[in-house]
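Protein chains in written order, with the numbering used here: chain A, 33 to 366; chain B, 662 to 834.
Hints are computed from structural coordinates only; laboratory data are not their basis.
Built from N, CA and C at the ideal position, the CB exists for glycine as well.
One thing to keep in mind: the hints can contain errors.
To be verified - So, partial list: chain A residues that the calculated Cβ filter (under 10 Å) puts toward chain B:
| # | residue |
| --- | --- |
| 1 | P129 |
| 2 | V245 |
| 3 | Y343 |
| 4 | S345 |
| 5 | P360 |
Said to hold, decoys possible - Computed footprint of chain B on chain A, listed as stretches where at least three residues anywhere in the stretch have a Cβ under 8 Å from a Cβ of chain B:
| # | segment |
| --- | --- |
| 6 | 97–107 |
| 7 | 189–199 |
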Amino acid sequence: MSPRARLVGDGVENPANAQALTEAAQMFAVPCTFRDSRGLTEQLPGLSTVDTTTLLGGPGQLIAVDNTPGAESVYRAGPPHAGASIVVGNERRGIRPDVLRRATKTVQIPMPGRSVNTLNVATAAAVALYYLLDANGRRQARAPRPESHRPAILLAAPRDHVEAGSSLRSAAAFGWQTVTVDDREKVWFGTPRPVRNEARAAARSHRNPLRVVPAGDAWSPPHGSRVVVCAPDVDGPALHRTELTGAGTVLVIPDGDGWEPPSDAEFARVAVPGEPGRYRLLTGIVLAEAARQLGTRTSTALRPPRRGLSYGSMLGQTALPDTDLVQPWELTQY
Amino acid sequence: MRASRRAGAPVPVRVSPPRRGFAHPADPADIVEALTFFGPTAAYGLRGIELRQQPAAGAGPAVAALRVPGLVLLFEQPVPPWDLPGRLTEVATTRLLRAGAQVATGQAGTKVDWPGNTLRDFMLFDGLMHEIGHHMIQHAARKHRTRAMRTADHERRADAYAVRARHAWATQR
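Chain B on its own, in the form it takes in the complex:
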């Protein structure tokens, strides 16, 4: 009874307004559309999705986070094009290129441009669906306080889930 209620209930999407010069590339309507497309298997056990401002400190621009159990945070992003100080790691560059971004690394920093809807899709798949991938692993293992597997494996599976979701979105929608 409880499970069926939770599976059918809409996932609340809360919005914290972005700061000046930033935006939430995927708005609540986009998120609801994606969750409707992927259905209860993706939304099951999710307690909420919050569009938040960037956290204060970090080793790079934050994209998204999952607070176990079931709270997904999607962070605001600078309005494109991005001028990032320093260089992106190879993994980050690969992620961006895979999402359709144009990355140019120079002496002064890295310039990232997002043509069309690529930034919105990056947030939906490399942000939202990636974190839902983490959530599904934890949820399936029924673990709220401990990691269901080592972090590298967790990340790899979540990434694979996001890639499958992007493919399904592109082919079946």
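Next comes chain A alone, as it looks inside the complex:
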């Protein structure tokens, strides 16, 4: 029996990202394979690989996750057929053109962030797998004035500096301007220079305008606020069926079990069929879901897009009968 999908890393070059991608696939209990052209298998010998012919000529659907122009939002994409290949691309160059040409559909993760508009490749894969495979029965997105409903974020006790940095990058990409970090493991503030450099690089600090606020030793939620703890192993409704937005809402994303939630906290379960993945994958899914529930700004959506001066060239037609143009392949599929 074929798996419900498989994750394919196309030209991924960083071994750490390859391992994170494998974990992302394990979260959703799907196999993970790589089209390797960057010597990845020399550094990680146990890696499963796929060649170009098998990838492009295989029978299943090919779904590319890439923010190319015209790509469909992953929030609106329907579930893939069984055995589909979900492809994510190289860290800098994205998916290669031969896959994009062959892809049945291309989906993108909408990111309202202004300076940072890309996710870590493993985070992007986890978010795409979550929405394509598992997030059924989602809450409606809020339409009007999303910014007034944006919840505050608390990253609670991250245990790894790169994971914390990558999570801050995701927060900026999904439109947050301020994030609070409970840094009891000393991974972000006051760290040695090498650790600091790695963490800042993972957060894309050179262009990430995010303001990172320390939570202090005894963090307590602001008076009257609603705290929602989002984690994979808590008792509560599924994340995508929980209200994550609203003024005064604080989303807490703890790393592991070491963080003690307040007594009146609500819980939202990041329901994944496999093993809970690393912190950046968890934060990516939670932030994506909160951003999805916020929706896009209606005032902008209703206004026609700002368009400057343009010239168009088309083949004018004199009489358009009330018919549709049908391609031969559409008839064969009819």
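Here the structure of chain A is known, so what remains is to put chain B in place on it, guided by the hints.
Positioned in the frame of chain A, the structure of chain B alone reads:
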């Protein structure tokens, strides 16, 4: 300094994969070859060229567009032969015939066939070079937000530029 850098820098060509049943007749290599042939005078001030899918609505099949300043869009085209509903205008038919297409108008619609490389050349000259003609008029007039001349004159000059470019390509290449 800035102008010389911009004149010498390659123009980025971005590709959005075509839908099923459609193709980009002129691929990035063809576009780079044409821009190399016509040199910096054609590429100066261009910010990019994008091969895109057809826009959703329009009065006919879209060929190309220019977003001032300097972004040229070339749209995917159906794989030939084309079966178009209705009839093409006289101007459109003339353009197609000039580009080497075989146009047959019948009761059910218009059939357009493209022998050899004629469709690629149509996209390169009636698409790309035509829009570069628009771009050069705007760029020379230093106008980004307003039209440098009335639209009919703009179109006529851009078309003349495309015709000259096609002639130069045929004779000097």
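Each hint, compared with the structure:
For the restraint placing A:P129 at the interface with chain B, the shortest Cβ-Cβ distance is roughly 6 Å, inside the 10 Å limit, so the hint holds. With a cut of 10 Å, the hint placing A:V245 at the interface with chain B is violated, because the nearest CB-to-CB distance is about 38 Å. A cut of 10 Å between beta carbons decides the hint on A:Y343: the least distance to chain B is about 4 Å, and the hint holds. A cut of 10 Å between beta carbons decides the hint on A:S345: the least distance to chain B is about 5 Å, and the hint holds.
Interface hint at A:P360: satisfied, since its Cβ lies 8 Å from the closest Cβ of chain B, which is below the 10 Å cut-off. Given as covered by chain B, the segment 97–107 of chain A passes the check, having 3 residues with a CB less than 8 Å from a CB of that chain where 3 are the minimum. Coverage of a stretch by a chain is defined here by at least three residues with a beta carbon nearer than 8 Å to that chain's beta carbons; for the segment 189–199 of chain A and chain B the count is 0, and the condition is violated.
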